[in-house]
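> Listed below are the residues making up each chain.
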Amino acid sequence: MSLVANRYAQALFDTAVDKKIVDGMYDDFTVVIDLFKTETSLMNLMLTPSMNTSEKKGLLGRIFEGSFNQYLKNFVNILLNKNRFGYLMEIYDDFREQCLDYKNMVEATVITAVPLREELEAKLKIKLEKRFNKKIMLNKKIDQSILGGAIVYVGEQIIDGSIKAQLNQMKTQMNNIRLQ
Amino acid sequence: MFEYAGLVGIDFKLLLATIINFIIFFLILRHFFYQKVKDMIVKRQEDIAADIAEAEHKKIAAKTLESEYEAKIAGIHEEEKTIIREANLEGQEQRKEIIAQAREDAKKIMDKAMRELSFEKKKAMNEVKSNIVELSLFATEKIIKKAVDKEQHEVMILDFIDKVGEAK
Numbered sequence: 003m004s005l006v007a008n009r010y011a012q013a014l015f016d017t018a019v020d021k022k023i024v025d026g027m028y029d030d031f032t033v034v035i036d037l038f039k040t041e042t043s044l045m046n047l048m049l050t051p052s053m054n055t056s057e058k059k060g061l062l063g064r065i066f067e068g069s070f071n072q073y074l075k076n077f078v079n080i081l082l083n084k085n086r087f088g089y090l091m092e093i094y095d096d097f098r099e100q101c102l103d104y105k106n107m108v109e110a111t112v113i114t115a116v117p118l119r120e121e122l123e124a125k126l127k128i129k130l131e132k133r134f135n136k137k138i139m140l141n142k143k144i145d146q147s148i149l150g151g152a153i154v155y156v157g158e159q160i161i162d163g164s165i166k167a168q169l170n171q172m173k174t175q176m177n178n179i180r181l182q
Numbered sequence: 005m006f007e008y009a010g011l012v013g014i015d016f017k018l019l020l021a022t023i024i025n026f027i028i029f030f031l032i033l034r035h036f037f038y039q040k041v042k043d044m045i046v047k048r049q050e051d052i053a054a055d056i057a058e059a060e061h062k063k064i065a066a067k068t069l070e071s072e073y074e075a076k077i078a079g080i081h082e083e084e085k086t087i088i089r090e091a092n093l094e095g096q097e098q099r100k101e102i103i104a105q106a107r108e109d110a111k112k113i114m115d116k117a118m119r120e121l122s123f124e125k126k127k128a129m130n131e132v133k134s135n136i137v138e139l140s141l142f143a144t145e146k147i148i149k150k151a152v153d154k155e156q157h158e159v160m161i162l163d164f165i166d167k168v169g170e171a172k
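Quick mapping for you: the protein sequence lines, in order, are chains A and B.
Per this note's numbering, residue 3 is the first one in the first sequence, and the count goes up by one each step.
Per this note's numbering, residue 5 is the first one in the second sequence, and the count goes up by one each step.
Any given hint could turn out to be false.
Derived DSBU-like pairs: lysine-lysine, alpha-carbon spacing no greater than 30 Å straight-line [said to hold, decoys possible]:
hint : chain 1 : residue 1 : chain 2 : residue 2
1    : B       : 154       : A       : 127
2    : B       : 154       : A       : 132
3    : B       : 154       : A       : 137
4    : A       : 173       : B       : 154
5    : A       : 105       : B       : 167
6    : B       : 167       : A       : 166
7    : A       : 173       : B       : 62
8    : A       : 136       : A       : 166
9    : A       : 166       : B       : 150
10   : B       : 127       : A       : 173
11   : B       : 125       : A       : 127
12   : A       : 59        : A       : 75
13   : B       : 149       : A       : 129
Quick look at which bits of chain A chain B covers, simulated, 3 or more residues with Cβ under 8 Å [unchecked claim]:
hint : region
14   : 69 to 77
15   : 106 to 118
16   : 147 to 160
17   : 167 to 180
In case anyone wonders, no lab produced these hints; they're calculated from the structure.
Glycine included, each C-beta is placed from N, C-alpha and C at the ideal position.
So here's chain B without its partners, still in its complex pose (with noise of 0.2 Å):
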């Protein structure tokens, strides 16, 4: 029990040493380092401070910038809504006139076919006029030929010196 008692007991000087050793320890410690550490606190505070200032001044440019996008986009938008509609007029006006071109052109491709077939039809008909008329010729040779006795012939003879009489 009392061995047991012993291990867990309380050293009062080798608590004094140790607390005299943490003293001497922690005056060493803060003559040669205090300065140096609180300077570098000092500076990293400093530089935290600077950077969380560099950061809110970032965050107000960049809020600027933002809104100055934001601007900028929303008059993008507008304009491009402006071209959308002017290239939709235009779009309208081209659609127009091609559509009036190609009625322009269709008329003329129209008029154009009615014109040749008008002349194609009076062609053909003339054609065949002619072709009447040589047959309706050549008939009338033919009978003439049979027809015509050598009586008739000195009628028609006579008839012709009695015009040559006349005729000056």
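Okay, chain A solo, but in the shape it has when bound (with noise of 0.2 Å):
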């Protein structure tokens, strides 16, 4: 995370805070940051030096037109202006942790072979923030490579109950049986 992204956070976060607004700030920085990711061309193009701020300001105030939180949208202009918008995923992944933290949550992924149901996503989030004292936001992913049970990744933290992995261990043991 480079120092740049950080400060622009932490003054994102700092304003969200101040005006009481964290999880409405996060929504729409989140609606956002999902609009980038999945439109690269957009993306490309509000990076590319031959299009003028004024026409890039213009361009994003035609598509946040409407509900869209009046802070985040300056935020952004400021970015345009700064030329600092190559680091909007820096800062929303920054600002994300800081909100995080700030309502005590913590992000989780849990990866299985097959669909996990409601009642054990529930049951799987209740036995993890109590492991980790920390509300739990939960993605689920589907890998059909791990054969079975789960996998759960908490930060930096990779809880590895798969079928997979007890087969890699297995095929370990038995490749350090030196035969004579």
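Mind assembling these two chains? They're in different frames, but the hints should get you there.
Okay, here's the thing in structure tokens:
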């Protein structure tokens, strides 16, 4: 994470806390980022030097017209003015971390070989919240290559209970047996 | 008959004249050459005596030299025998050393070959083992993918969830 992104994220977060709109700001910012992630051509257009800043602002104004948070709009305009739009994704990541930390939340990702039923998801969430003593924001992913069980990523921690991991462990143990 | 007798008769006058001539000739020779011839003969005798003495001397010297050389040759023979004996001993020592070295080298080569053989054997066995492990796990994965149904998946997930709660 760069220092520039951290400073901008901190400024936006402080504003959100000050104005008591942390959740709203987070949701709106997530929508913006999702849009730029799916529409890569739009992101490239915003970064191209051949288009001037006022044109970029006009384009963004039309896209985010309506109920979008005014502070967020202003913030994006500042990034364009200061020629820092390229840091948008990093700023979002830093901002999200601060928001989650502020709300005593942590983001977790669970990978399973089959879709996770809501009942099991809720159970897992409770267990993880108890274990990490934080609210869990759970993302679900399906990966059949894990064969069975589940893998959970929480921050930098990995809890691997997949069949694939057990097979790999078995493979390591079997490979460690030296034949005479 | 008388003619023949006259041809072989003695002329005493002539005989006398011849004798006188001879005596005169002898005296002249004696007067002029006797001493010189005598001196020459004496000198020649002395030379011969000197030569004989020198020859004797040389003979003695030769004898001495011969003895010396014989002694030397005997010494050389002895020395030669000693050298040959020493050379033989040295040769035997070298032979022993060469044989010992050759045995040691052969042992080292043998040991190295055995080690390499053992290593290659282990390597091959471990490769075979790795292949067996790979194939076994590949087959296991295939079986799990086919055999495990949704309910069994949920049981495994549930088991994982329980363990997440237990472990810290």
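> Give a verdict on every hint.
To see whether the hints hold, each was checked on the structure:
{"no.": "1", "hint": "B:154 to A:127", "result": "holds, 21 Å"}
{"no.": "2", "hint": "B:154 to A:132", "result": "holds, 27 Å"}
{"no.": "3", "hint": "B:154 to A:137", "result": "holds, 29 Å"}
{"no.": "4", "hint": "A:173 to B:154", "result": "holds, 26 Å"}
{"no.": "5", "hint": "A:105 to B:167", "result": "holds, 27 Å"}
{"no.": "6", "hint": "B:167 to A:166", "result": "holds, 17 Å"}
{"no.": "7", "hint": "A:173 to B:62", "result": "violated, 108 Å"}
{"no.": "8", "hint": "A:136 to A:166", "result": "holds, 29 Å"}
{"no.": "9", "hint": "A:166 to B:150", "result": "holds, 15 Å"}
{"no.": "10", "hint": "B:127 to A:173", "result": "holds, 17 Å"}
{"no.": "11", "hint": "B:125 to A:127", "result": "violated, 52 Å"}
{"no.": "12", "hint": "A:59 to A:75", "result": "holds, 9 Å"}
{"no.": "13", "hint": "B:149 to A:129", "result": "holds, 28 Å"}
{"no.": "14", "hint": "69 to 77", "result": "violated (count 0)"}
{"no.": "15", "hint": "106 to 118", "result": "holds (count 4)"}
{"no.": "16", "hint": "147 to 160", "result": "holds (count 5)"}
{"no.": "17", "hint": "167 to 180", "result": "holds (count 7)"}
Checked against the numbered hints given earlier, this structure breaks hints 7, 11 and 14; the rest are met.
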